[in-house]
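J.: The primary structure of each chain is shown beneath.
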Amino acid sequence: MQRADLVSLFAELRTGEPVIVGPGTTSGALYQADHRAPTIYNMDMGYATAICLGLALAVPNERVVALEGDGSTLAGLGVLSTIGRYAPPNLVVVVFHNGVYASCGNGLVPTAAAATTDLAAVARACGINPQHVVVVTTLAEARKALSAALTEPGPWVILAHIEHPDRWTGGRPLPRHDLVETAVAFKREMMDRGYRSGGQAS
Amino acid sequence: MAPEDPSSGPGCARAVHAALRAGGVNFAVSLPDSVLHPVDRLLEADPGVQTLVCSREDEGVAMAVGAYLGGKVPVALMEGSGVGYCGLVLARAQIQRTPLLLLVSHNGALGEAFDFHGASRAAAEGVLRGLGIPYVVLTDRAQAPLLVQQALITVLGQKTVVGLLVPPYLFAGG
Numbered sequence: 023m024q025r026a027d028l029v030s031l032f033a034e035l036r037t038g039e040p041v042i043v044g045p046g047t048t049s050g051a052l053y054q055a056d057h058r059a060p061t062i063y064n065m066d067m068g069y070a071t072a073i074c075l076g077l078a079l080a081v082p083n084e085r086v087v088a089l090e091g092d093g094s095t096l097a098g099l100g101v102l103s104t105i106g107r108y109a110p111p112n113l114v115v116v117v118f119h120n121g122v123y124a125s126c127g128n129g130l131v132p133t134a135a136a137a138t139t140d141l142a143a144v145a146r147a148c149g150i151n152p153q154h155v156v157v158v159t160t161l162a163e164a165r166k167a168l169s170a171a172l173t174e175p176g177p178w179v180i181l182a183h184i185e186h187p188d189r190w191t192g193g194r195p196l197p198r199h200d201l202v203e204t205a206v207a208f209k210r211e212m213m214d215r216g217y218r219s220g221g222q223a224s
Numbered sequence: 006m007a008p009e010d011p012s013s014g015p016g017c018a019r020a021v022h023a024a025l026r027a028g029g030v031n032f033a034v035s036l037p038d039s040v041l042h043p044v045d046r047l048l049e050a051d052p053g054v055q056t057l058v059c060s061r062e063d064e065g066v067a068m069a070v071g072a073y074l075g076g077k078v079p080v081a082l083m084e085g086s087g088v089g090y091c092g093l094v095l096a097r098a099q100i101q102r103t104p105l106l107l108l109v110s111h112n113g114a115l116g117e118a119f120d121f122h123g124a125s126r127a128a129a130e131g132v133l134r135g136l137g138i139p140y141v142v143l144t145d146r147a148q149a150p151l152l153v154q155q156a157l158i159t160v161l162g163q164k165t166v167v168g169l170l171v172p173p174y175l176f177a178g179g
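Residue numbers (my numbering), protein chains in the order written: chain A, 23 to 224; chain B, 6 to 179.
With the rest of the complex left out, here is chain A (with noise of 0.2 Å):
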């Protein structure tokens, strides 16, 4: 499964959904796929998650996405138990691993997910419901899971493993909206769903 097939899919059954995504390649990905305003794109190494399940939390009526690595995930690995203390039923991480640093490094150096931790076994010790951490190696696997996990109660980690390199033609591809612009675009939105937090514009 390449990453772009995947995120291209998880474009197509996005709705509204609020996402953050962690740095590298996905987001530029996600951005050419299909950009929405309440995305915030190259989150630093390790807190695309914790923000989404902070933002999972403060909104309950609304499903949260964080698109992660596996190496950003390792970077964060507390949060998952954080996640499992809490259990919000809206929050959805999409892992996806690819067993190497991409983004920060050149690509061929391995995470340790790539061969010595088990993410799922880590996400499943954590307290996080078994029947909601998903391995997928297919497209067809990652549509049944993201489907499963936009509609119905979570909290959801799906690992979907990519193969790596990227086959990419013209480059890595970049968000062309810069990390200001989103965020201001991404509360704006949020505000206009009436989460609004006081202040003069907030």
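Hints are computed from structural coordinates only; laboratory data are not their basis.
Just so you know, even glycine gets a beta-carbon here, dropped at the ideal spot from N, CA and C.
Hints should not be assumed to be uniformly reliable.
Chain B regions said to be covered by chain A (calculated; three or more residues, Cβ under 8 Å) [claimed, not checked]: (1) 34 to 48; (2) 51 to 60; (3) 126 to 138.
Just so you have them, the derived chain B footprint on chain A, three or more residues with Cβ under 8 Å [said to hold, decoys possible]: (4) 128 to 138; (5) 194 to 206.
Go by the hints and put chain B onto chain A.
T.: Frame of chain A; chain B shown alone:
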């Protein structure tokens, strides 16, 4: 029951809690800490505040960033050592214009008796200074609620992180 003495540690904790609530705070994430514990407990007991415990402080700040995006007014409570973990996520919070109040135990100058808090002292103010995040030390019990109130005005008005550093004596006693 007699009213609590506002000049006592517990009374100050109650006044700070009240100032947080009056300033709009309705989401609190913390990694438990002995100095801030009295305020933590008041927040936990407050049905108007969503309270959560994080696994590490930078995760907690990230959760607070998400909570703000979802319409909450967050406070993150942590020991000074935790701020040491938070450099990157605080930088991101600032770039994204996130209103966030940090309530942080330990500070550079006041009441630090134990050598094992040496790194905490250095980390907290060092990270805040390095990132240009404004902070003040709550030195005086009587003034603490006012500083919380004013810090929250800045937090929301400027969409910035502000740190309030709490010396060990502030909430102690009782």
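J.: Please go over all the hints and tell whether each is borne out by the structure.
T.: Structure-based check of each hint:
1. Figure legend: the segment 34 to 48 of chain B, annotated as covered by chain A; annotation inconsistent (1 residues with Cβ-Cβ distances under 8 Å, at least 3 required).
2. Counting residues of the segment 51 to 60 of chain B whose CB lies closer than 8 Å to any CB of chain A gives 5, which reaches the minimum of 3, so the coverage claim holds.
3. Remark: the segment 126 to 138 of chain B is not confirmed as covered by chain A, as 0 of its residues place a Cβ nearer than 8 Å to a Cβ of that chain, below the required three.
4. Only residues whose C-beta sits within less than 8 Å of a C-beta in chain B count toward coverage, and the segment 128 to 138 of chain A has 0 of them, not enough to reach three; the restraint is violated.
5. Residues of the segment 194 to 206 of chain A lying with their CB closer than 8 Å to a CB of chain B number 4, which satisfies the three-residue condition for coverage.
Against the hints set out earlier in the document, violations occur for numbers 1, 3, 4.
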